[in-house]
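Protein chains in written order, with this note's numbering: chain A, 1 to 454; chain B, 1 to 454.
Derived by calculation from the structure, the hints in this document are not laboratory data.
Incorrect hints may appear among the rest.
[Unchecked claim] A short, non-exhaustive set of chain A residues, derived as facing chain B with CB atoms under 10 Å:
#, residue
1, A155
2, I241
3, V292
4, E295
5, R298
6, R344
7, S370
8, D371
9, I454
Note that beta-carbon positions come from the ideal geometry of N, C-alpha and C, so glycine has one too.
Protein chains: 2
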Amino acid sequence: MSLHTSSTSAVLAGARSASLSETDRLDASTDRSGYVSQSLPDGVVFAETTDDVVSTLRLATAHRTPIVTRGAGTGLAAGASARSGEVVLDVSRMNKILRIDPVEQLAVVEPGALNADLNAAVGEYGLFYAPDPASTSICSIGGNVATNAGGMRCAKYGVTRDAVLSLNVVLADGRQLRTGRETMKGVSGYDLNALIVGSEGTLGVVTEATLRLRPLPVATATVAAFFPDFATAAQAASAVIASRIQPSMLELIDGQTLEAIDMAMGTTYRSQGGAFLLAQTDGYGAHLEQDVLIEAIRPLATSIEKANDDEHAAELVTARREAIPCLEKLGRVSIGDIGVPRGRLAEVAVGLNDISERTGVRIYSVVHASDGNLHPMLVLNPEDSVTEGPAKVALGEMFYLAKSLGGTLTGEHGIGLLKRDWLLPELGEVSLDVMRSIKDAIDPHGLLNPGKAI
Amino acid sequence: MSLHTSSTSAVLAGARSASLSETDRLDASTDRSGYVSQSLPDGVVFAETTDDVVSTLRLATAHRTPIVTRGAGTGLAAGASARSGEVVLDVSRMNKILRIDPVEQLAVVEPGALNADLNAAVGEYGLFYAPDPASTSICSIGGNVATNAGGMRCAKYGVTRDAVLSLNVVLADGRQLRTGRETMKGVSGYDLNALIVGSEGTLGVVTEATLRLRPLPVATATVAAFFPDFATAAQAASAVIASRIQPSMLELIDGQTLEAIDMAMGTTYRSQGGAFLLAQTDGYGAHLEQDVLIEAIRPLATSIEKANDDEHAAELVTARREAIPCLEKLGRVSIGDIGVPRGRLAEVAVGLNDISERTGVRIYSVVHASDGNLHPMLVLNPEDSVTEGPAKVALGEMFYLAKSLGGTLTGEHGIGLLKRDWLLPELGEVSLDVMRSIKDAIDPHGLLNPGKAI
Ligand SMILES: Cc1cc2nc3c(=O)[nH]c(=O)nc-3n(C[C@H](O)[C@H](O)[C@H](O)COP(=O)(O)OP(=O)(O)OC[C@H]3O[C@@H](n4cnc5c(N)ncnc54)[C@H](O)[C@@H]3O)c2cc1C
Ligand SMILES: Cc1cc2nc3c(=O)[nH]c(=O)nc-3n(C[C@H](O)[C@H](O)[C@H](O)COP(=O)(O)OP(=O)(O)OC[C@H]3O[C@@H](n4cnc5c(N)ncnc54)[C@H](O)[C@@H]3O)c2cc1C
Chain A
1 MSLHTSSTSA
11 VLAGARSASL
21 SETDRLDAST
31 DRSGYVSQSL
41 PDGVVFAETT
51 DDVVSTLRLA
61 TAHRTPIVTR
71 GAGTGLAAGA
81 SARSGEVVLD
91 VSRMNKILRI
101 DPVEQLAVVE
111 PGALNADLNA
121 AVGEYGLFYA
131 PDPASTSICS
141 IGGNVATNAG
151 GMRCAKYGVT
161 RDAVLSLNVV
171 LADGRQLRTG
181 RETMKGVSGY
191 DLNALIVGSE
201 GTLGVVTEAT
211 LRLRPLPVAT
221 ATVAAFFPDF
231 ATAAQAASAV
241 IASRIQPSML
251 ELIDGQTLEA
261 IDMAMGTTYR
271 SQGGAFLLAQ
281 TDGYGAHLEQ
291 DVLIEAIRPL
301 ATSIEKANDD
311 EHAAELVTAR
321 REAIPCLEKL
331 GRVSIGDIGV
341 PRGRLAEVAV
351 GLNDISERTG
361 VRIYSVVHAS
371 DGNLHPMLVL
381 NPEDSVTEGP
391 AKVALGEMFY
401 LAKSLGGTLT
411 GEHGIGLLKR
421 DWLLPELGEV
431 SLDVMRSIKD
441 AIDPHGLLNP
451 GKAI
Chain B
1 MSLHTSSTSA
11 VLAGARSASL
21 SETDRLDAST
31 DRSGYVSQSL
41 PDGVVFAETT
51 DDVVSTLRLA
61 TAHRTPIVTR
71 GAGTGLAAGA
81 SARSGEVVLD
91 VSRMNKILRI
101 DPVEQLAVVE
111 PGALNADLNA
121 AVGEYGLFYA
131 PDPASTSICS
141 IGGNVATNAG
151 GMRCAKYGVT
161 RDAVLSLNVV
171 LADGRQLRTG
181 RETMKGVSGY
191 DLNALIVGSE
201 GTLGVVTEAT
211 LRLRPLPVAT
221 ATVAAFFPDF
231 ATAAQAASAV
241 IASRIQPSML
251 ELIDGQTLEA
261 IDMAMGTTYR
271 SQGGAFLLAQ
281 TDGYGAHLEQ
291 DVLIEAIRPL
301 ATSIEKANDD
311 EHAAELVTAR
321 REAIPCLEKL
331 GRVSIGDIGV
341 PRGRLAEVAV
351 GLNDISERTG
361 VRIYSVVHAS
371 DGNLHPMLVL
381 NPEDSVTEGP
391 AKVALGEMFY
401 LAKSLGGTLT
411 GEHGIGLLKR
421 DWLLPELGEV
431 SLDVMRSIKD
441 AIDPHGLLNP
451 GKAI
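Please take these sequences and the hints and turn them into a complete structure.
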C-alpha cells in the first residue's frame with residue numbers, strides 16, 4: 001500500500017496538471033453504472049496533449065503505477081471507476097476536432113471530443129458519424145472507442161468498430177502505436193484497430209482517432225407504433241427483420257418505461273399502448289421501405305402513426321434517448337445490456353418478467369430491436385447496491401437468461417468491474433486465457449485499468 | 001534439417017489421411033500468386049474433421065513441426081505456399097455447409113466450403129453472403145477468413161471481417177478457441193474474431209465459421225460507362241463518391257485489360273473506350289441512386305448504357321470477374337493490391353504509367369473504385385520471376401507510390417511471403433513489434449505458417 005502511494009505520488013508529481021482534491025478524486029471513482037467504489041483514487045492527471053499522456057505512462061511504467069484512463073465518465077460498466085493506489089488519467093481536455101475531410105469522408109479527433117460535437121461539426125458538410133449512443137451529448141469519442149459503443153443507428157450503419165479507420169494509442173511503456181490506416185480497406189498485418197476498440201482502456205490510451213463518416217441520408221421516414229405489450233412488440237420487431245428491409249432505427253420501449261418517460265417529460269405515451277416501437281428507414285428507398293415495414297407490423301399493432309415532419313420525429317427520438325435519465329429520477333438505476341438472437345426477443349420479455357417477480361426488482365426495458373440488444377434497467381432504492389443483494393442476483397439471472405437463448409452478457413456497454421463475474425461462463429477458459437496472454441504481451445506489468453474488462 | 005524431417009514424419013505418420021506424393025507436394029508448394037517455391041513441403045495432411053486438425057496440431061506441437069494451413073490455394077500472396085521442412089494441413093475436404101438459419105440470417109460452414117457454393121445454398125432462402133472475391137467459385141471460406149477477403153460488393157456490404165460472427169479455431173497446441181458470438185452485437189472481452197480474420201493462418205486453423213447473411217436486394221440497377229482513359233474514369237469514380245450515393249459495385253477496368261478480356265472472351269469492349277466503369281446500385285432506392293450516379297459521371301463519359309435486363313448485367317460482371325484469368329493467358333501474372341484514399345485514384349493512374357515505363361513491365365489495372373483498392377497486374381514472360389528483377393522492382397515502386405498518397409500495400413490479398421519486404425515501412429517498428437508479441441503469445445513455438453503475414 002505504502003509502496004503504491006509513493007509510486008502514485010511520483011506520477012502525480014511528474015504531471016503538468018494534476019489534482020489531489022477530494023472532489024476530483026470522488027468524481028473519478030465512479031461513472032454512470034451505479035457502482036460505488038470502496039475507496040478513492042490517489043489523484044487525477046489531466047492530459048492536454050499526447051505528450052502529456054506519453055510522459056505520464058512512462059512514469060507509470062518506471063514506478064509500476066496502475067493507471068485508469070477516463071473519458072467523460074458516462075460508462076455503464078464501472079470501466080472508468082478508480083480506487084486507492086491508482087492514478088486516473090483524464091483525457092477529457094484533449095477534445096479538439098483536428099481535421100474533417102469531406103472528400104474522403106473522414107474525421108480526425110482527439111479522444112475527449114464529445115460524440116454530439118463531432119456530429120454537429122461534420123453535419124455542416126452533409127456528413128454524419130454513425131455510432132450514436134443515447135449518451136451522445138455527454139460521452140467522448142475515446143470512451144466510445146474503448147467500449148466499442150453502439151447506439152440506435154448501428155444495426156444499419158455499424159458500431160464504433162466499423163467506423164474506426166485508425167488510432168493513435170499510447171502503450172503502457174509510453175511507446176506510440178498507430179493502428180489501421182486512412183484507406184477504406186487494408187489487410188497488412190493483424191487488425192490492431194479492432195483489438196484496441198472495445199478493450200476498455202486495458203491495452204493503451206487512445207489519443208487520436210481517424211473515423212469514417214457517411215453522407216447524411218437524403219430522406220428519413222419515421223413510424224411510431226403501439227402494441228398491447230412488450231412480447232407483441234417484440235414479435236413485431238422480428239416481423240420487420242423477416243420482411244428483409246434494413247431499418248436505420250428499430251427501438252422498443254416497454255410500458256413501464258413509457259410511464260417513467262411520461263412522468264418525467266409530461267408526455268402521454270403510456271396511455272396509447274403497453275409497448276412502443278420507434279422505427280426509421282432512410283436513404284433513397286426510405287418511403288418504400290417504410291411501406292413494407294408498416295405492412296409487417298400492422299397485424300400486431302394497436303396503432304401506427306407516420307411522423308411526417310422532422311419535428312415530430314425528433315420528439316420521438318428524444319423520448320427514447322432520454323429513457324435512462326427519466327428512470328434515474330425513480331431511483332438508482334443499474335442497466336443491463338444483454339444481446340440475444342433477434343428472433344428471441346419475445347422469449348426474453350417473458351424471462352425478464354419472471355426474474356422481476358422472483359427477485360422483487362423492478363425491471364424496465366428499452367431494446368435495440370434490430371440487433372437483439374436489450375437494456376433491461378433495474379430501478380433500485382437509492383440506498384441499494386448494484387453489486388450485491390437482489391440487484392446482483394437479477395443481473396446474474398439476466399445473463400443466464402441471455403446465455404440460455406444463445407446470447408451474450410453485454411451488447412455494447414462492456415464488462416468493466418460490474419460484469420466480471422460472468423465473463424468466464426460467457427467466454428470459456430481458452431478464450432479468456434488467450435485474451436490474458438494478449439494483455440500480458442502488450443501491458444506486461446498490468447498497469448492499464450487493472451482488473452477491468454478481462 | 002534432419003531434425004525437421006523426422007519431426008514432419010511423425011506428424012505425417014500420425015494423420016488419418018496424408019500424402020507424400022510429389023504431385024500433392026508440388027501443388028501445396030504454391031498458390032495463384034506466381035510465386036515459385038525453391039523446395040517442396042515434406043507432405044500433406046488432409047483433414048476431414050476438426051478432430052483431425054486437433055490431432056495434427058498436437059503432434060506438431062509435440063514435435064515442433066511447422067504447419068502451413070491450406071484452403072483452396074487461390075491466394076495471391078503466397079500465404080499457403082509451403083517449403084521443405086513444413087507439413088501442409090489441407091482443410092479443403094472439410095467443406096460442409098452445416099446450418100443455414102434464415103430467421104437470424106446466418107450460416108455455419110466448414111472452412112473448405114467454397115464461397116460460391118455457400119452463396120448458391122443461401123440464395124434459396126433469398127439471402128446472400130456479401131464478401132465476393134472475383135475467385136468466388138474457386139476459393140474457400142476458410143481462406144477468405146484467413147485473408148479477410150474483399151470483393152466487388154464490399155464497399156457497400158463490408159469485407160469478410162464484417163461478415164464473421166463467430167469462429168472455431170484450433171490453436172497451435174490443439175486447444176479449441178471459440179471467438180465472437182452468434183448475436184449481431186457483443187463486446188465481452190477483446191475482439192478475437194477480428195484478430196483471427198486476416199491473420200493468414202499464423203494464429204490458428206479455422207475449422208468452422210458462423211457468417212452473417214443479408215437479404216438479397218429487391219432490385220439491382222447496372223450501368224456500363226466508357227471513358228477516354230483510366231485517369232478520366234478514375235475522376236468519374238471520385239465524382240460518384242462525391243455524389244453521396246452508395247453503389248454496391250463500382251469497378252474500373254483500364255484499356256489494356258479490356259483488350260485482354262476481348263481477346264480471351266471474344267467481346268468488343270476496347271473498341272468502345274479507353275477505360276470502363278461498371279456501376280451497380282441496389283435496394284429499394286436502386287433506380288433513384290442510379291439516376292444520381294449517371295448525372296455524376298455524365299460530363300466525363302464518352303458513353304453510358306443502362307443494362308436493363310439481368311442477363312446483360314451478368315455478362316458485364318462476368319467480364320470483370322474474369323479479368324485475371326484473361327490476363328493469365330498473356331503470361332505469368334503478378335497482382336498488385338494497393339489501396340489509396342478514394343479521391344486519389346487518378347494520381348495512381350499517372351504513377352503506374354510511370355512505373356511501367358521505368359521498369360519495362362506491362363501493367364494492367366482493375367480497380368475496386370468505391371474503396372480505393374487497385375489491382376495493378378504485372379504481366380511477365382512465363383520464365384520471369386515475380387520475386388526478383390523488374391517485377392520485384394515494379395511491385396516495390398507500386399507500394400511506395402501508394403504510401404506517398406497515404407495508402408497501403410495490400411487492400412485485400414494479404415502479405416504472405418510475397419510482400420514481407422514492405423511490411424516494416426508500411427507498419428513501423430512499434431506496430432510490427434506488437435503484432436509479433438501477439439503471435440508469440442498465441443503460437444509460442446512459432447509453428448503456424450512461419451515467416452508469413454507479419
Ligand atoms: C444516459 C446514458 C445513455 C447511454 N446510452 C448508450 C448507448 O446507447 N450505447 C452505448 O454503447 N453506450 C451508452 N451509454 C454508455 C456510455 O455512454 C458509453 O459506454 C460511452 O462510450 C462511454 O464514453 P465515456 O467517454 O463516458 O467513457 P468513460 O466512462 O470515461 O470510460 C469508459 C471506458 O473507456 C475507457 N476509456 C475512456 N477514454 C479512453 C481513452 N481515450 N483511451 C483508452 N480508454 C479509454 C475507460 O477506461 C473505461 O474503461 C449510455 C450512458 C448513459 C449515461
Ligand atoms: C482469379 C482470382 C481472383 C481473385 N479475386 C479476389 C478478390 O476479388 N478479392 C480478394 O480478396 N481475393 C481475391 N483473390 C485471392 C484469393 O482468392 C483470396 O485470397 C482467397 O481468400 C483465398 O482463399 P483460398 O481458400 O484459396 O486460400 P489459400 O490460398 O489456400 O490460403 C490463403 C491463406 O489463408 C490461410 N488459410 C486458408 N485456409 C485456412 C484456414 N481454414 N484456417 C487458417 N488459415 C487458412 C493460408 O495459410 C494462407 O495464408 C483472387 C484470386 C484469383 C486466383
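Here is how each hint holds up against the structure:
no. : hint : verdict
1   : A155 : 7 Å, holds
2   : I241 : 8 Å, holds
3   : V292 : 8 Å, holds
4   : E295 : 14 Å, violated
5   : R298 : 19 Å, violated
6   : R344 : 9 Å, holds
7   : S370 : 8 Å, holds
8   : D371 : 4 Å, holds
9   : I454 : 5 Å, holds
Comparing the model with each earlier hint shows violations of hints 4, 5; every other hint is respected.
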